[in-house]
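Visitor: The listed protein sequences derive, respectively, from chains A and B. Okay, so the first sequence: first residue is -5 according to this note's numbering, each after it adds one. Okay, so the second sequence: first residue is 151 according to this note's numbering, each after it adds one.
Any given hint could be a false lead.
[What the hints assert, rightly or not] A short list of chain B residues far from chain A (calculated; beta carbon distances all over 12 Å): (1) Gly205; (2) Lys280; (3) Ser286; (4) Leu325; (5) Pro350; (6) Phe354; (7) Val356; (8) Glu357; (9) Ala423.
[Said to hold, decoys possible] Which stretches of chain A does chain B cover? Using the computed rule of at least three CB atoms under 8 Å from a CB of chain B, they are: (10) 3 to 15; (11) 23 to 37; (12) 182 to 189.
Since the hints were derived computationally from the structure, they do not count as laboratory data. Since the structure is predicted, the reported quantities are computational estimates derived from the model, not experimental observations. Glycine included, every Cβ here is placed at the ideal spot set by N, Cα and C.
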Amino acid sequence: MKRKKKDFLFDTLVTLIASFLGIIIIFPLIYCFLSSFKTPSEFLNPKLLPSSFLYLDNFKNALERGNLLRYTLNSFIIAFIGTVVRMVLSILAAYAFTFYDFKGKNFFFFLILGTMMIPGDVLLVTNYLTVSKLHLLNTYLGVMIVSFVSASQMFMLRQRFKTIPKDMREASSMDGYGDLWFILKVLLPLSKPVVTTLFVQSFINLWNAYLWPLIVTASSPEMRTVMVGITRLNSWEDENYQLVMAGVCISLIPSIILFIIMRRNMKKGGLDGSLVG
Amino acid sequence: MGNNVKSLKKRRDNRRVFLLLLPITLFAIAFVYFPFIRTIINAFSKVNSKGVVKGFAGLENFIYTYSRKDFLPALRHTLTIALVNVPLTLVITLSLALLSEKKRKFSSVYETMFTLPMSVSMSASCMIFKSMFSPSVGFINYFFSLKLGWFESSDTALFSCIILTVWMGIGFDYLLMLSALRGIPKSVMEATKVDGISLPRRIFFVEIPLISPTIFYIFCTNLVLCMMTSAPMIIIMGVSAESSATNTLMSMMYQSGFSSSDYGLAAVLSLTAFVLTLLFTILSFMTERRRVHYEA
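Here chain A stands alone, though its shape is the one from the complex (with noise of 0.2 Å):
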């Protein structure tokens, strides 16, 4: 009896440490947020809270002044199409290095996992002359194209892959199925919380890039993503940090909400380790 009213309140205290941690790591957000309601003259004094949580000028003057709309939607497109192409060019190969033999399999296995020990900045300045060669330069293609690749996602989704009994392809083929079909309407529904969260992580990760799309986009201020929009927002005028930060709110919606769904769905798949890699 003791000894659990000794392990409540050792529990109590921990949790009172842990949440007072966790206030202060996620402070600069709850700063970013309380700030963007603030009026200019209010920023001027550092305290906490805005006066009132009504003044929404800053959202607007972010989104029209600062083109903040049209960037967030230049940078949904990318997002959500660079994502669509990796995960189909990750599956497609996946699909080959589970179900199939062939000669050279492992030569190609590691040219692609090869990929993830060259850092992408490294190759910044060549990939920067190569679209520009290719005339994409200020386009969403241009963008997205160097992260059309991804050797982690392609790994892990043949990971997934391998718990699949090689006789269930089998017996589709048999009943004169092809690839295209098995991929659909066998593995994918299968393997549904692994691709649900590489499709989540990977939108999250291309929304948040922010250096190559700076310099693919650098001439054509329409096409900037998000990323370097907010960045943008206090060099016309000085020290606009309250608009800065409504920016960075609004840049911030979409992967907030993704990562709760990942986080969510990552303890329901039991997938809760299985991001490493």
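Knowing the structure of chain A, use the given hints to seat chain B on it.
Guide: Frame of chain A; chain B shown alone:
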């Protein structure tokens, strides 16, 4: 007969495999391997301002880069960020994970708070920190009654960058640590309870050795991240190229590649960062063999 059918099927299979693997291989070659090789070639060549190779340069680019006045500071900043950030992140995320290891009534609340930074993009976090740490209107100086310049003064800029990179890394690394700790077999933990091992002993002699593969993984990925991805932060924080107190190898590479179109210099810098990172990774793999336990 049977053989014929088999070889027919084999040929059909090969054609299919070819079609399935073609797209991803094509993009991997065009946008990873080809640019990588081209970076190496550029480093050893005379490259004009349009990016066209104009002959072999030997080690000229390397000598030019390494004798520049801004090279050593950039190298020092890169290494400082990595050497401070990596252990700091490990300690912080491990402590948070140990604290929240046991599932409690409200554990999902603080778990979410600990992991939330991972959904925030680099540019968003830079802008938030820039505003929060602003010397004139920032909340941090106001709250702690400080008069520091943070990102805007050359004494504190590097330190501020480290705070920012640690913050950005917490979420994901914490998640990895937590799932590793929760993955320790229940029987092990129960055995330590039966044996009456004290809490610090349990943490240092049982749990940490058991999750050492994860710790090692976080160590390596963080090292690569710190060495290779510092450019956006330095660019957004708006510290100018020459007089910068935070210039890193990668931000210098960005400047030379996109502001002054000096592709030879850019190639040497990115290769230098890459090779250094590779060396560190190999070194850590060598020590890993002695230190990391893979049983259980």
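Visitor: All hints are to be evaluated individually against the structure, with a verdict given for each.
Guide: Results of checking the hints against the structure:
Once the 12 Å rule is applied to beta carbons, B/Gly205 is consistent with being away from chain A; the minimum gap is 18 Å. For B/Lys280, the condition that its CB be more than 12 Å from all CB atoms of chain A is violated, with the nearest at approximately 8 Å. Not every C-beta of chain A lies more than 12 Å from that of B/Ser286, the closest at about 7 Å, which undercuts listing it as non-interface. Against the 12 Å criterion, B/Leu325 falls within the reach of chain A, whose nearest CB is about 7 Å from its own CB.
In this structure B/Pro350 is separated from chain A by more than 12 Å, as the shortest Cβ-Cβ distance comes to about 15 Å. No beta-carbon of chain A is positioned within 12 Å of the beta-carbon of B/Phe354; the least distance is around 19 Å. The Cβ of B/Val356 sits about 19 Å from the closest Cβ of chain A, beyond the 12 Å cut-off, so the non-interface label holds. Even its closest Cβ contact with chain A, about 16 Å, leaves B/Glu357 beyond 12 Å, as expected for a residue assigned away from the interface.
Its beta-carbon lying about 7 Å from the closest one in chain A, B/Ala423 breaks the requirement of being farther than 12 Å from that chain. Requiring three or more residues with a Cβ within less than 8 Å of a Cβ of chain B, the coverage given for the segment 3 to 15 of chain A holds, as 7 such residues are present. Using a Cβ-Cβ cut-off of 8 Å, 5 residues of the segment 23 to 37 of chain A lie near chain B, which meets the minimum of three, so the contact claim holds. Note: the segment 182 to 189 of chain A has 0 residues with beta-carbon separation from chain B under 8 Å; the three-residue rule is not met and the coverage is violated.
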